[in-house]
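Asks: Each chain, letter by letter, is given below.
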Amino acid sequence: MAYSANSPAGKVVQDVLNDLPGLVAVAVVDITSGMALASHSNSPAINPETAAAYNTEVVKQKQKAMSALKLTGENIEDILITLTNQFHLIKLAGNKFIYLVVNSRETNLAIAREVLRSSSANLN
Amino acid sequence: MNIMAAANGTRPQRPGSVRLVLNHEALIASKIPLVKIEKVIKEVFDQLPALTTVAVVEVATGNCLAHLSRRRGFDPAAAAAHHAETVRQQQQALAAGPIRGERLEDILIPLRKQLSLIRLAKSGQWFVLLTVKTQDTNLALAREILKSIIA
Numbered sequence: 001m002a003y004s005a006n007s008p009a010g011k012v013v014q015d016v017l018n019d020l021p022g023l024v025a026v027a028v029v030d031i032t033s034g035m036a037l038a039s040h041s042n043s044p045a046i047n048p049e050t051a052a053a054y055n056t057e058v059v060k061q062k063q064k065a066m067s068a069l070k071l072t073g074e075n076i077e078d079i080l081i082t083l084t085n086q087f088h089l090i091k092l093a094g095n096k097f098i099y100l101v102v103n104s105r106e107t108n109l110a111i112a113r114e115v116l117r118s119s120s121a122n123l124n
Numbered sequence: 125m126n127i128m129a130a131a132n133g134t135r136p137q138r139p140g141s142v143r144l145v146l147n148h149e150a151l152i153a154s155k156i157p158l159v160k161i162e163k164v165i166k167e168v169f170d171q172l173p174a175l176t177t178v179a180v181v182e183v184a185t186g187n188c189l190a191h192l193s194r195r196r197g198f199d200p201a202a203a204a205a206h207h208a209e210t211v212r213q214q215q216q217a218l219a220a221g222p223i224r225g226e227r228l229e230d231i232l233i234p235l236r237k238q239l240s241l242i243r244l245a246k247s248g249q250w251f252v253l254l255t256v257k258t259q260d261t262n263l264a265l266a267r268e269i270l271k272s273i274i275a
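Heads up: the sequence lines are chains Y and L, in that order.
The first sequence begins at 1 in my numbering and counts up by one.
The second sequence begins at 125 in my numbering and counts up by one.
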């Protein structure tokens with residue numbers, strides 16, 4: 001548990017954990033620096049800090065792709081990544097994003113997205 | 125990374141335009157194995173091919189032992205000496221304080237368009253100085269990469 005529940009980011013991590021207790025990992029990440037503001041992992045295989053650093057580049061590259069395609073007036077709401085046994089979800093909110101890893105056998109994608117949608121409203 | 129740079133409209137680097145430069149005199153005097161230094165620089169460059177500069181610097185003397193840079197007119201001696209002074213001052217500050225059993229691991233210097241990172245070797249004898257553009261990487265990523273290479 002790497003957060004204080006007093007900060008907005010810590011509250012969001014706590015909210016997501018309450019709604020999805022079986023999640024693999026969750027982090028709130030600052031896009032400018034790539035650093036996690038708050039994070040939690042239930043799996044020794046996933047270091048949320050490392051995941052945050054690399055996934056920030058995913059978000060930045062997608063934003064670059066959108067500006068190259070001149071998709072003005074559009075914003076990235078979320079990014080969904082499907083692995084063999086996991087879903088990785090990135091939900092953007094301002095200059096931060098929530099990064100969530102869930103086991104695809106245990107958690108429904110629609111529920112995971114809905115949890116992120118409601119939690120991200122409390123981030124800024 | 126070069127493909128991405130090309131897609132973004134920035135000029136792709138010519139292959140061979142960056143090369144490892146060694147300071148043999150300082151290397152012999154430092155007694156730090158050359159193989160180790162070459163390995164560290166190669167690994168950093170492999171993982172961050174878009175980097176601006178990577179250098180290995182001896183803390184005590186401030187000598188730049190080896191460096192690799194894309195910046196034209198880069199002065200490794202001056203950069204190494206100034207950053208080594210920063211490291212020594214910070215080490216002194218830590219020694220003067222009430223903190224025990226801690227050692228300096230890294231120093232992060234984020235600027236608007238450029239990040240500078242210093243990561244010390246476990247021995248505390250030398251450090252790696254890395255500078256990257258903020259558009260190519262982020263602070264956490266650069267830090268993770270240095271941490272994984274210089275454990």
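Each hint should be verified, as a subset may be incorrect.
Unchecked claim - Chain Y side only, calculated, beta carbon under 10 Å to chain L, not exhaustive: (1) Ile31; (2) Thr32; (3) Ile46; (4) Asn47; (5) Glu57; (6) Lys60; (7) Asn75; (8) Ile76; (9) Asp78; (10) Ala110; (11) Ser118; (12) Ala121.
What the hints assert, rightly or not - With a straight-line Cα cutoff of 27 Å, these simulated DSSO-like cross-link-like pairs (lysine-lysine) come out: (13) Lys64/Y - Lys160/L; (14) Lys155/L - Lys96/Y; (15) Lys70/Y - Lys166/L; (16) Lys60/Y - Lys70/Y; (17) Lys246/L - Lys62/Y; (18) Lys60/Y - Lys155/L; (19) Lys60/Y - Lys160/L; (20) Lys257/L - Lys160/L; (21) Lys163/L - Lys257/L; (22) Lys70/Y - Lys160/L; (23) Lys160/L - Lys237/L; (24) Lys257/L - Lys155/L; (25) Lys163/L - Lys246/L; (26) Lys60/Y - Lys237/L; (27) Lys96/Y - Lys271/L; (28) Lys64/Y - Lys163/L; (29) Lys237/L - Lys155/L; (30) Lys246/L - Lys60/Y; (31) Lys166/L - Lys155/L; (32) Lys62/Y - Lys257/L; (33) Lys96/Y - Lys166/L; (34) Lys237/L - Lys257/L.
No lab work stands behind these hints: they were computed from the structure.
Ideal placement from N, C-alpha and C gives every residue a C-beta, glycine not left out.
Asks: Would the hint on Ala121/Y be counted as holding, given a Cβ-Cβ threshold of 10 Å to chain L?
Replies: violated, 25 Å
Asks: Is the straight-line distance between the alpha-carbon of Lys64/Y and that of Lys163/L 27 Å or less?
Replies: Violated, because 33 Å separates the two Cα atoms, which is more than 27 Å.
Asks: Would the pair Lys60/Y and Lys70/Y pass a check requiring their Cα atoms to be no farther apart than 27 Å?
Replies: OK: Lys60/Y and Lys70/Y at ~15 Å, within 27 Å.
Asks: Between the alpha carbons of Lys237/L and Lys257/L, is the straight-line distance 27 Å or under?
Replies: Since the Cα atoms of Lys237/L and Lys257/L sit roughly 6 Å apart, the hinted pair holds (cutoff 27 Å).
Asks: Compare the distance between the alpha carbons of Lys163/L and Lys246/L with 27 Å, and conclude whether the hinted pair is satisfied.
Replies: Between Lys163/L and Lys246/L the Cα gap is close to 16 Å, so the pair holds against 27 Å.
Asks: Holds or violated: Lys70/Y and Lys160/L, Cα atoms, limit 27 Å.
Replies: violated, 46 Å
Asks: Have a go at the Asn47/Y hint: is there a Cβ in chain L nearer than 10 Å to its own Cβ?
Replies: holds, 9 Å
Asks: Between Lys163/L and Lys257/L, does the CA-CA distance stay at or below 27 Å?
Replies: It holds: about 23 Å lies between the C-alpha atoms, which stays within 27 Å.
Asks: With a cut-off of 10 Å, does the beta carbon of Asp78/Y approach a beta carbon of chain L closely enough for the hint to hold?
Replies: violated, 20 Å
Asks: Decide if the proposed pair is consistent with the structure: Lys62/Y and Lys257/L, CA atoms, cutoff 27 Å inclusive.
Replies: holds, 18 Å
Asks: Tell me if the straight-line CA distance from Lys70/Y to Lys166/L falls inside 27 Å.
Replies: violated, 37 Å
Asks: Under the criterion of a CB-CB separation shorter than 10 Å, is Ser118/Y in contact with chain L as hinted?
Replies: Hint on Ser118/Y: violated, closest Cβ of chain L at ~27 Å, above 10 Å.
Hint compliance for this structure: hints 3, 7, 8, 9, 10, 11, 12, 13, 14, 15, 17, 18, 19, 22, 23, 24, 28, 29, 30 and 33 are broken, all remaining hints hold.
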